[in-house]
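Same order as they appear, the protein sequences are chains G and C.
First residue of the first sequence? That's 303 in my numbering, and the numbers climb one at a time after it.
First residue of the second sequence? That's -17 in my numbering, and the numbers climb one at a time after it.
For the record, the hints were derived by calculation from the structure and aren't laboratory data.
Note that this is a predicted model, so its numbers are computed, not measured.
None of the hints are false.
A few chain G residues that face chain C, going by a derived Cβ cut-off under 8 Å, partial list only:
{"hint": "1", "residue": "G309"}
{"hint": "2", "residue": "F311"}
{"hint": "3", "residue": "Q312"}
{"hint": "4", "residue": "G313"}
{"hint": "5", "residue": "D382"}
{"hint": "6", "residue": "C385"}
{"hint": "7", "residue": "G386"}
{"hint": "8", "residue": "V387"}
{"hint": "9", "residue": "W397"}
{"hint": "10", "residue": "F419"}
{"hint": "11", "residue": "C420"}
{"hint": "12", "residue": "G421"}
{"hint": "13", "residue": "Q424"}
Simulated DEER-style distance windows between Cβ atoms:
{"hint": "14", "chain 1": "C", "residue 1": "G40", "chain 2": "G", "residue 2": "N335", "range": "50 to 58 Å"}
{"hint": "15", "chain 1": "G", "residue 1": "R370", "chain 2": "C", "residue 2": "Y119", "range": "28 to 36 Å"}
{"hint": "16", "chain 1": "C", "residue 1": "E103", "chain 2": "G", "residue 2": "K371", "range": "54 to 62 Å"}
{"hint": "17", "chain 1": "G", "residue 1": "E316", "chain 2": "C", "residue 2": "N125", "range": "14 to 22 Å"}
{"hint": "18", "chain 1": "G", "residue 1": "C385", "chain 2": "C", "residue 2": "G157", "range": "19 to 27 Å"}
DSBU-like mimics (lysine-lysine), calculated; alpha carbons at most 35 Å apart, straight line:
{"hint": "19", "chain 1": "C", "residue 1": "K89", "chain 2": "G", "residue 2": "K323"}
{"hint": "20", "chain 1": "C", "residue 1": "K128", "chain 2": "G", "residue 2": "K427"}
{"hint": "21", "chain 1": "C", "residue 1": "K136", "chain 2": "G", "residue 2": "K343"}
{"hint": "22", "chain 1": "G", "residue 1": "K374", "chain 2": "C", "residue 2": "K156"}
{"hint": "23", "chain 1": "G", "residue 1": "K357", "chain 2": "C", "residue 2": "K135"}
{"hint": "24", "chain 1": "C", "residue 1": "K101", "chain 2": "G", "residue 2": "K321"}
{"hint": "25", "chain 1": "C", "residue 1": "K101", "chain 2": "G", "residue 2": "K320"}
{"hint": "26", "chain 1": "C", "residue 1": "K89", "chain 2": "C", "residue 2": "K11"}
{"hint": "27", "chain 1": "G", "residue 1": "K320", "chain 2": "G", "residue 2": "K371"}
{"hint": "28", "chain 1": "G", "residue 1": "K323", "chain 2": "G", "residue 2": "K357"}
{"hint": "29", "chain 1": "G", "residue 1": "K320", "chain 2": "C", "residue 2": "K97"}
{"hint": "30", "chain 1": "G", "residue 1": "K427", "chain 2": "C", "residue 2": "K156"}
{"hint": "31", "chain 1": "G", "residue 1": "K425", "chain 2": "C", "residue 2": "K89"}
{"hint": "32", "chain 1": "C", "residue 1": "K156", "chain 2": "G", "residue 2": "K323"}
{"hint": "33", "chain 1": "C", "residue 1": "K128", "chain 2": "G", "residue 2": "K343"}
{"hint": "34", "chain 1": "G", "residue 1": "K321", "chain 2": "C", "residue 2": "K89"}
{"hint": "35", "chain 1": "G", "residue 1": "K343", "chain 2": "C", "residue 2": "K135"}
{"hint": "36", "chain 1": "G", "residue 1": "K321", "chain 2": "C", "residue 2": "K135"}
{"hint": "37", "chain 1": "G", "residue 1": "K427", "chain 2": "C", "residue 2": "K136"}
{"hint": "38", "chain 1": "C", "residue 1": "K135", "chain 2": "G", "residue 2": "K320"}
{"hint": "39", "chain 1": "C", "residue 1": "K128", "chain 2": "G", "residue 2": "K425"}
{"hint": "40", "chain 1": "C", "residue 1": "K135", "chain 2": "G", "residue 2": "K323"}
Heads up, the beta-carbon is just placed ideally off N, CA and C, and yes, glycines get one too.
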Amino acid sequence: MDFIIGGAFQGKLEYAVKKHKLDDSDIFTCSENAAVSFERKCIYAVQEFTLYCVKNSLDATEIFRNNRKKWKNGVIICEDIFCGVVPLGADMRAWRDMTGRLCAYLSSEADSVERIFCGLEQKLK
Amino acid sequence: MNVLISGGCKNGKTSFAQDIAVKLSAGGKRYYVATMIPYDEEDRKRIDLHIKDRANMGFTTLEIGRDISSCLYGTNGTFLVDSVTALLLNEMFPSSHSGEADENAVKRCIEGLLKITEKAENAVFVTDYIYSDAIRYDSFTQNYRKSLAAIDKKLAEVCNTVIELCAGNVIFHKGGIVL
Chain G
303 MDFIIGGAFQ GKLEYAVKKH KLDDSDIFTC SENAAVSFER KCIYAVQEFT
353 LYCVKNSLDA TEIFRNNRKK WKNGVIICED IFCGVVPLGA DMRAWRDMTG
403 RLCAYLSSEA DSVERIFCGL EQKLK
Chain C
-17 MNVLISGGCK NGKTSFAQDI AVKLSAGGKR YYVATMIPYD EEDRKRIDLH
33 IKDRANMGFT TLEIGRDISS CLYGTNGTFL VDSVTALLLN EMFPSSHSGE
83 ADENAVKRCI EGLLKITEKA ENAVFVTDYI YSDAIRYDSF TQNYRKSLAA
133 IDKKLAEVCN TVIELCAGNV IFHKGGIVL
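Construct all of the structure, not just a fragment, from the sequences and the given hints.
In structure tokens:
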């Protein structure tokens, strides 16, 4: 699995599309209002799924762990929302924590990890 | 040589950029292009600190809040543009800091900044990394973040060297420079 992280609007998806030659049908875009699907090659905007988990009292890392077979050869993209200040709202704090934990798990499982900074790749693993 | 410097707030980006500009200019003319337009006492204090910080470094200060490539009129040498963040703010909200965003601001900023990368002997650009926190921003702020990111990405593409400062530590994302 190739794990791609980075800030908002940094060009993470563009990087993944180019590197893995993805087209629209390869990409599942997560939403804060729906469960994640593991049926496509690329799971994008995982930070939206972790917000869905917070709102529905689910554990995102456990869900990913239970579906490891389905994504272990895929591409996963997440925004690194856990770098800023601790948010005041309890839900936003839980969201930040859950995203950080999931990203640590996904990094440990990944074959390669890149951080995208201003459209440039930084190899982390 | 063109250099882009990004990173979090209060990280030493300006001081670092000044050192690089001095080095690149190799004794030649150097300009500090100040883009911030002060609106209150807090802004003025911030600017005073910057002026003190670069005293005796040989910079000529040009205060240019909009139409950034106008710094090239009648000048030649090394330009330090501080900052892209403030420039975009001025271009997006020309009348005041409230009201509708000018949708051509990004295009204007990119054109002006690219002109500097083409015409100047050397240029150093300072921008701010505002993309990694757990906040659901309003559409107004999201638009600003997206716009700044578009400019940053373009600059990162054309600059020879791209540097991130992290708590004063240097990360090279592209190219390099002997410090």
